[in-house]
Structures are given as structure tokens and as C-alpha cells.
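Build the full structure now, drawing on both the sequences and the hints.
Listed in order, the protein sequences are those of chains A and B. Here the first sequence is numbered in my numbering, starting from 1 and rising by one per residue. Here the second sequence is numbered in my numbering, starting from 1001 and rising by one per residue.
What the hints contain is simulated information worked out from the structure, not anything from laboratory work. All C-beta atoms in this analysis are idealised placements derived from N, C-alpha and C, irrespective of residue type, glycine included. Mixed in with the good hints there might be a few duds.
A short, non-exhaustive set of chain B residues, derived as facing chain A with CB atoms under 7 Å [claimed, not checked]:
| hint | residue |
| --- | --- |
| 1 | VAL1320 |
| 2 | ALA1323 |
| 3 | ALA1330 |
| 4 | ASP1332 |
Pair by pair, the computed Cβ-Cβ distance ranges are [as the list claims (entries may be wrong)]:
| hint | chain 1 | residue 1 | chain 2 | residue 2 | range |
| --- | --- | --- | --- | --- | --- |
| 5 | A | ARG10 | B | ASP1306 | 32 to 38 Å |
| 6 | B | ARG1236 | A | SER71 | 54 to 60 Å |
| 7 | A | ARG10 | B | ASP1291 | 52 to 58 Å |
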Amino acid sequence: MDDQALMLARLRAGGPRAVVDAATVLEAAELAARRVVPVGTDGSRTVVTLAWADDADLSPETWPIARRELSPTVLLTLATCLGCCWPDAATEPYPGHPTSATTVLRVLTSRNTDERWAKGALHDLEELGCITRDGDEIRLGPAIAALARTEVSMLRREHAALPREDRR
Amino acid sequence: MRVDLRRRGAIVPKPPTDPRDRRATSDSRWLSHRRATIWPVSGSNADSARQLPGLSELGPDARRRLGRLRALVAPVAADAGAVVDDPDALEVARAVCDAFVQGGAAGGLTKAQIIARIGDRVDRELLERRLTVFEKLGFLRTYLDKKHQQRYTIEPTSLVGQEVFERISRHGGVDELLALLVRTRSLLESQPDLQQLTSHLREIRAILSAYANELDRLVATAPLRELIAQRADHDRANALDELEPLAVHVVERFPKLQTLASDVVEEAQRYLGAVQAMMARILDEGGRARDFSILSADDYLTAAIDTPPEDLAAVFERVVFDAPAAWIGASDILAATGRRGTSDRERRPPEPAPSSDTDPVRPLLEAAEAMRRRRALAAERLLQGADIRDLTSMVQSLPWPSAARLLADLFGVDLDDREELRVHVGEATFVDPDAATTYVSPVELRRSDAAKPSEAVRSKASVDG
Chain A
1 MDDQALMLAR LRAGGPRAVV DAATVLEAAE LAARRVVPVG TDGSRTVVTL
51 AWADDADLSP ETWPIARREL SPTVLLTLAT CLGCCWPDAA TEPYPGHPTS
101 ATTVLRVLTS RNTDERWAKG ALHDLEELGC ITRDGDEIRL GPAIAALART
151 EVSMLRREHA ALPREDRR
Chain B
1001 MRVDLRRRGA IVPKPPTDPR DRRATSDSRW LSHRRATIWP VSGSNADSAR
1051 QLPGLSELGP DARRRLGRLR ALVAPVAADA GAVVDDPDAL EVARAVCDAF
1101 VQGGAAGGLT KAQIIARIGD RVDRELLERR LTVFEKLGFL RTYLDKKHQQ
1151 RYTIEPTSLV GQEVFERISR HGGVDELLAL LVRTRSLLES QPDLQQLTSH
1201 LREIRAILSA YANELDRLVA TAPLRELIAQ RADHDRANAL DELEPLAVHV
1251 VERFPKLQTL ASDVVEEAQR YLGAVQAMMA RILDEGGRAR DFSILSADDY
1301 LTAAIDTPPE DLAAVFERVV FDAPAAWIGA SDILAATGRR GTSDRERRPP
1351 EPAPSSDTDP VRPLLEAAEA MRRRRALAAE RLLQGADIRD LTSMVQSLPW
1401 PSAARLLADL FGVDLDDREE LRVHVGEATF VDPDAATTYV SPVELRRSDA
1451 AKPSEAVRSK ASVDG
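Below, the structure is given as C-alpha cells:
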């Protein structure tokens, strides 16, 4: 198996991974209808994750894969994390700014969300790679970096609707 | 009562002395080593029939079938060219046989009748050539044993031979082996003759030995595609499971045949081992090549139903899957906040600014409207203020292009719902060779609220009708 295919397989199966040169996997990723998104660094190496190519047709009719749907609470928690970590719609959502779990929970409870459910939702979002946590600090995760550009465009247009501390 | 020959020591296969015998004892480790070292890559020129002269231009299936026929006929062939090289020749023989079994052939058929009954099923020139050969070889015989006989009958042996050729060319000789097994069992159940029984067992042993050797050769040298083609010939090998009880029965009845019966069982085991080795190689190589066509849809269905889950899972041990991920869509996120986002694709584009270009359709619409008005005014002029007017004589007096134009304009007015004028054309036809328009039906123009077609039109229609 060539190195590109092996690296692509590792990225698909294992998620974000540090590579010496992200360009080495670009061709294989393109063949698999993916694009390579840098999400950070690990020393001198670049940490990358995979996202679907912009022209990939992921409609359920042509791509009949089972999809895990998120619950409304998890989605609202994610919206709040986006609202708190992505204050300027003119910028890209990832990496955004750090916020705190306390802030996110405060915003959510102010919107009548049960705090225990909100904590569970944060846990789910961390597992899904939508956020990373370091103690109380919350940052947006690589899954947000991998969002399709059309999705980011839609979020940017409705940016004001994302829950955040100064807006109820 | 079932007798275990191995336990009694009556039939004991010889210990393996060479690699092929070891394979027959199902030493899988040795098998895998052997496969890894000497199996050829797909496409190597190990197709045995391909090496036969005159067959290299044929497709694999035809080559295999004719190759088998050559081997079948070899014992009685006068020379190496005794068997046809054209696969269509088999179809000709089949067509000739069919011509004689259609009925009405009791008094024989002439060559012309045979050719007529076959029709376009085979090439005419080839058919005539083959009929000459069939006549010379006695496949076709004259109805009367006299000179200049034109009517022919078919030798019954030819029909049987045709069946045999068909069966062996398609399936090899495994069917004959199984038929021989059935005959041997029947013989044993009646009043068996020792000499005949011995002959049957020797024949079975010889055929099994030849098949085992051939399969050994194929497994060692043939490309995958040829193995797959051979597979169907040996898919009834399990019928040989009955051979061991048969051998036990033979030994019980004729202890003198113990050695021969033991040899038969041993050759059967070797043959079955070779079949297994062939299947193992097909599955191994086909699996490595991800060739899903080597198994039928039924095989996959059976595997899905009968195979333990862990074995099914093993198929995908080396297949890469994406890590489980949730589907995160902006519209879902926004919906959770109470806002329904609309995608770029769904959003309606802004209305374009008014164009300063001239509307290219407007002049056409204006021209069409002008023409409608012109037709209506012309029709009104024809009515001359009346509600009904017979236009037959007018149409008759106009030269043809003008008459046609007038009628077209009138029908245009008639079809326009905004106009009150309607055109009625009678069913009669006036023929006047001297008139400008020689054939004319009565034509009447009237307002739609006027009465039914005038008496003039109806009377003309009734006179001419």
C-alpha cells in the first residue's frame, strides 16, 4: 500500500493526525472526495483532519449512509459554543476564541436548558470533535474546521442568532 | 450395516509419498506454501486447449469445448485434423438432428428438405459441406441402399453421439463418471458378475486418477480464469461421497476385490482433494483480487444466512472505515436556536434590474395581433353585413394558391375564440374541371350566434351526398 493511501486510511479511521507534509495526502484525499484541513501543529508537524470535498454530493438519495442525528439539546449547545467562540462573523469559525464551560452553561440555562443535559451535551460534543476542553476552557474542535463551506456560509449569515452571553 | 473400512484395515490409503498425495490429505499449511510459490499470475499462457493447433483464434469457451471433443475423438481419429476447428459445426449437427425429429421424416428427407427445415439457423454453405461429411461418415444414410437415392434418414447412433458430444464438450466427463458409478451400484444390487464389476471399478479408478492428475496440473499452472471455467465441471464432486459405501459393499460381496476397491477410494479422495485445492485457489486468488464475480449471488446469500457473524466480520478486517461521526448541518444548528436557516442553494436570488434591451418577443406578438385583426376584418368584409354567406362560388373562382390562402385565413378566424365568426365546410365535393379551383366543398361563413348551417349548404351536401 502506498504511503498516501495508508495516511488517508489512518485519517479516515483515526481522525486528526500529525503529518510532516499535508501535501503528501492531498491527491489520495481528492480521489476519495475529501479535502485536507489543517487544524493545528504538533512541533514541526501539521495536524490535519479530513473534510468532505466542496463538490461532494452527500444527499441521502445518492449517498445512502446511516447518519447519526444529534439531539436538539446537543445542537443548541453546539450553537452556543459557536456563538461564544466565534464572535466575529467576518472570520472563520475555526479556531475561534476560547470560552469557558461556565459561560456556555450559563447561556444555556438562561434559555431554560437543564444544566445536567447541557453538561452531557458538552461531553458528547467533545467526543465528536466539535469542541476541545482543557479544564473549564472550551475551544472549537477539528469537526468545526471540517464543516463544509456552504454550511459555514449559512451559519455566517445567521450569525446573530447564535446564543451567546450578551444576547438572549 | 455401515462398515468402516479404515477401522477394519480393509481400505487404507497409502501414506503420502509425493506433494500431490500430501495435498490430498488436506495439509493446508503445505497448500498455502505451494500456492504462494508456484501459482502463475493471471493471464499466463497455461490454457491447455490454447496450445492445440487450430484453436488459438477461438474464444476460451469454444476453445475448451473443441479441445475436449478432440480428446474424446482421439482414440478413433485417422489423423490430427479429424475434428472440426469451427464451433459452428456442432450447431450444424444439432440443427440436422432437429430437422429429423420435427416429424414427417418417416420416409426420409431430401437434402433440400433438410436445408429448408433448418432455414437460416446456420450458414448455408457450411451446412452443405457438413451434409456431405455426414453422408460419408454414415451420420446420414440413404433411405434405400441403392445408388442415386435422394432421401436420407438419420442413424440413431448419431443422435446419441450428438448428446454425448454436447454433454462432454460442455461439462467434461464428470457426468459419465457419475453415470458409471450408478451403473456399478445397480450391478452390485442385482446379480453381479465379478469380471464386469472388476471392469467397472478399474474404469472408475482410471477416470478418477486422470481427473485428479489434470486438476493437480491446473491448480499448479492454470490462470485463475481457466480454473473458474473448470469449476462448474466439478461442482457435483460431492456425489462421490457414495463411493466409499459402495466400495465397502463390493468388499463384503467380493473380498478378492479389496485392493481394487481400496485403490478406487484412494483415487476418489485424491480427486476430491484436488477439487478442494482448486476451489481454495479460486477463492484465495479471487479474494485477493477483490473479484466478487467468482461466486454467484446465491453463494453470497447463503453466506449471509449461514455464516457465523465473526466469519462475516473477518471479510472486512482490512477494509478502512471512517470513524463514526455525527451529521452536523448548519440548518439543524440554527433550527435548535429557533431560527430556520436557508441554504445558499435554497435562497431565492435577487430580482434582476430591469433590462434596457428591446424585448425580442414583443414585435412577434404585435405582428400576430395585426394578422389576427387583418383576418377578422377580411372575414367581416366577406359577410358584407349579413350573418351568413355562402363562399363556395368565391373559392371556386379563385386560383388555387389564393383559394388556399383565403381558406387558411377563414380557419384562423374560426379558431380564434375572441371572434364571433365561424366557418362551416360541407361534406360534398364539387368537381369542375374548367374552374380555377377544380375540387371545392361548400364553404359557409357565419356569425357564431346565427342559426345552423344554411339551407344552401345543407341542400348542396344532400344533393352531392
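Okay, the hints, checked on the actual structure:
The restraint placing VAL1320/B at the interface with chain A holds, with a minimum CB-CB distance near 4 Å, inside the 7 Å limit. The closest approach between the C-beta of ALA1323/B and any C-beta of chain A is roughly 5 Å, which is under the 7 Å cut-off, so the hint is satisfied. The beta carbon of ALA1330/B is positioned within 7 Å of a beta carbon in chain A (closest approach about 4 Å), and the interface hint is therefore held. Here the hint on ASP1332/B is kept, as its CB sits about 6 Å from the closest CB of chain A, short of 7 Å.
At about 35 Å, the beta-carbon gap between ARG10/A and ASP1306/B stays in the expected band of 32 to 38 Å. A hinted range of 54 to 60 Å for the beta carbons of ARG1236/B and SER71/A is consistent with their spacing of about 58 Å. Our hint of 52 to 58 Å for ARG10/A and ASP1291/B is violated, since their Cβ atoms are close to 27 Å apart.
Violated hints amount to a single one, hint 7; each of the other numbered hints is respected by the structure.
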